[in-house]
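Engineer: We have chain E already, so just place chain C on it with the hints.
Chains as they are written, first to last, in my numbering: chain E, 1 to 326; chain C, 1 to 273.
None of these hints come from the bench; they were simulated from the model.
Yeah, the Cβ is synthetic: ideal placement off N, Cα and C, and Gly gets one too.
Keep in mind that the hints are not guaranteed to be accurate.
[Said to hold, decoys possible] Mimicking DSS-like on lysine-lysine, the simulated pairs with C-alpha atoms at most 27 Å apart in a straight line are:
1. C:19 to E:153
2. E:227 to C:19
3. C:19 to C:122
4. E:287 to E:227
5. C:122 to E:154
6. C:19 to E:154
7. C:106 to E:154
8. C:122 to C:106
9. C:106 to E:153
[Unchecked claim] Partner residues are not named here, just some residues of chain E that face chain C (Cβ under 8 Å, in silico):
10. 15
11. 76
12. 77
13. 91
14. 93
15. 95
16. 98
17. 103
18. 108
19. 114
20. 115
21. 127
22. 128
23. 129
24. 160
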Amino acid sequence: MTEPAIHLHELCKTYRVPEREPGMGSAVRSLFHRRMQEVPAVNDLTFDLAPGEMVGFLGPNGAGKTTTLKMLSGLLQPTAGECRVLGAVPSRRERAFLRRITLVMGQRNQLVWDIPAADSFELNRVIYRIPSADFRRTLDELTGLLDLGPLLKKPVRNLSLGERMKCEIAAALLHRPQVVFLDEPTIGLDVTMQRRIRAFIAEYNHRLGATILLTSHYMADVEALCKRVIVIHHGRLLFDGNLSDLLQQFTAHKTIIVQLEDCQADLHAYGEVIDCEDGRTTLRVPKASTAHVTERLLADLPVIDLLVEDPPIEEVIDRVFTQEAV
Amino acid sequence: MTRFQDLREMGYLYAQQFKTTFATMVQYRASLFIWMISQVLEPLVYLIVWSTVSNGSGGSVGGYTARGFAAYYLVLMLVNQVTYTWIMFEYEYRVRQGFLSFALLKPVHPIHSDISDNLSSKLITLPILMVIAGGLALIFHPTASLVLWAILAFLPALALAFLVRFLLEWTLALAAFWTTRVSAINQVYFLLMLFLAGQIAPLTLFPRWIQVVADFLPFRWMLGFPVELLLGRLTPLQALEGLGAQLIWVMISLLLVRLIWRAGVRVYSAVGA
Numbered sequence: 001m002t003e004p005a006i007h008l009h010e011l012c013k014t015y016r017v018p019e020r021e022p023g024m025g026s027a028v029r030s031l032f033h034r035r036m037q038e039v040p041a042v043n044d045l046t047f048d049l050a051p052g053e054m055v056g057f058l059g060p061n062g063a064g065k066t067t068t069l070k071m072l073s074g075l076l077q078p079t080a081g082e083c084r085v086l087g088a089v090p091s092r093r094e095r096a097f098l099r100r101i102t103l104v105m106g107q108r109n110q111l112v113w114d115i116p117a118a119d120s121f122e123l124n125r126v127i128y129r130i131p132s133a134d135f136r137r138t139l140d141e142l143t144g145l146l147d148l149g150p151l152l153k154k155p156v157r158n159l160s161l162g163e164r165m166k167c168e169i170a171a172a173l174l175h176r177p178q179v180v181f182l183d184e185p186t187i188g189l190d191v192t193m194q195r196r197i198r199a200f201i202a203e204y205n206h207r208l209g210a211t212i213l214l215t216s217h218y219m220a221d222v223e224a225l226c227k228r229v230i231v232i233h234h235g236r237l238l239f240d241g242n243l244s245d246l247l248q249q250f251t252a253h254k255t256i257i258v259q260l261e262d263c264q265a266d267l268h269a270y271g272e273v274i275d276c277e278d279g280r281t282t283l284r285v286p287k288a289s290t291a292h293v294t295e296r297l298l299a300d301l302p303v304i305d306l307l308v309e310d311p312p313i314e315e316v317i318d319r320v321f322t323q324e325a326v
Numbered sequence: 001m002t003r004f005q006d007l008r009e010m011g012y013l014y015a016q017q018f019k020t021t022f023a024t025m026v027q028y029r030a031s032l033f034i035w036m037i038s039q040v041l042e043p044l045v046y047l048i049v050w051s052t053v054s055n056g057s058g059g060s061v062g063g064y065t066a067r068g069f070a071a072y073y074l075v076l077m078l079v080n081q082v083t084y085t086w087i088m089f090e091y092e093y094r095v096r097q098g099f100l101s102f103a104l105l106k107p108v109h110p111i112h113s114d115i116s117d118n119l120s121s122k123l124i125t126l127p128i129l130m131v132i133a134g135g136l137a138l139i140f141h142p143t144a145s146l147v148l149w150a151i152l153a154f155l156p157a158l159a160l161a162f163l164v165r166f167l168l169e170w171t172l173a174l175a176a177f178w179t180t181r182v183s184a185i186n187q188v189y190f191l192l193m194l195f196l197a198g199q200i201a202p203l204t205l206f207p208r209w210i211q212v213v214a215d216f217l218p219f220r221w222m223l224g225f226p227v228e229l230l231l232g233r234l235t236p237l238q239a240l241e242g243l244g245a246q247l248i249w250v251m252i253s254l255l256l257v258r259l260i261w262r263a264g265v266r267v268y269s270a271v272g273a
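Just chain E, same shape as in the assembly:
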């Protein structure tokens, strides 16, 4: 087996934050004696990503996703454990390493606000020492894929949020990094723009064989892009495997929608009635008994139409997190 592109072994990050009660008295006391509280952000995280893999990194706010991405890109020093990216120790921030990775933070911008993106791109060209021919080729490619043509000459501040994000992504990829960390790349964007960026990420992964670790709150992103997902909660690994297995594992119920000739029928005997309208009844039944209930419904009642559905993926993920918390 080839060496993993990203390797984490029992990686931990604990923040030490000053702790203080509200009020004047404690404010004065904290001047002299600062009590520090240890807050574990990432706890014993172990996983590998093979070169070229594209993996969704999921977890609720504060789960430790961004902390992990920052450790992997060398911005944060792990408290314990180890991580390797392309064989390098990220926190050493060696130049050769930094030239091969990128981190896109959807909520922060690196482009200079007052000048056209093209100028910021030029700056990145010299910073990353990208040979001119390569630079032009990559830029042409990115311009085509992201439809940047009309945007490059406008000052960044005149761009819309979506346009700016496209330029941010392009700026982060000009040096053709082999490992790409994407932290909420589609946040705040409309559905069309999300889809656009999603398609681009897939294309980039495909064309360059780059390894991509992506966090997103939009399950559609993850569903479209990642076969494998890693779920963390309270800094701990909760699940690592195929998205379909995750759904399988955490979907305890299915929804059955039945349309009956007789609107008055009471279906409580078959399962939990979630909704009942114009003869359409929505039932929630345990996954294991879905087949059985369906069979009984069809046998017992004058069914016009019957539909069995999985719950929406957001709901499942939500269950994953809440279940762990109990």
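Structural biologist: For chain C alone, kept in the frame of chain E given last:
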């Protein structure tokens, strides 16, 4: 990669950062102008105060006539313009807003873009300030005994003054890694600059012991020294000693930049970037 290529790449970086800053600066002509007014006003106030004092006490104070003060402060205005930085304010903002993370992701030391950024903005402001200084010269009639060797020595002195001031203020700016109350530190620094760099008065007007203290501290070498040198107030030996002191401070501050930057990044990457 050879050293020569390294140097050439660095040249490209400086040139490109230069262009970027230039493009940004011209977008802010108004705020640039207001900033420059403050750069002019402070020395102008001292100039007027000292001229008045000098005229009131028989035409000269500590070897400076009113016209001597005029020369001192007009040159100080220009030297200050060349050497000043705003990096302390910039860094606090960068650390607080998390912009530093972007700099840390780049495969190049961030000080390079800062130097280039600084020089680039001076390219715009310096010519304007020279015109202003020229106008003020018509009003205040400065006099100085210009000598060729001093004028020639002034150029390296000015470059070294820029380097020392830039490197030290860059190091000082890194305090933002440790504390959120950088402005207190900055205030102390500005106060020391005011008295020991020759801002509030030429250093020769201070008691002897303060001058000795000033010689051992970096402030004089960042501002007052090149001014006195250009105005022909130093002997060749004093000039050489000054250039030597500047060189020593360049080395000390380079060392500080290295050490404190490393320590700061360690802190930054421990508490959360």
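Engineer: So, against the hints stated earlier in the document, which numbers end up violated here?
Structural biologist: Violated hints: 2 and 24; rest satisfied.
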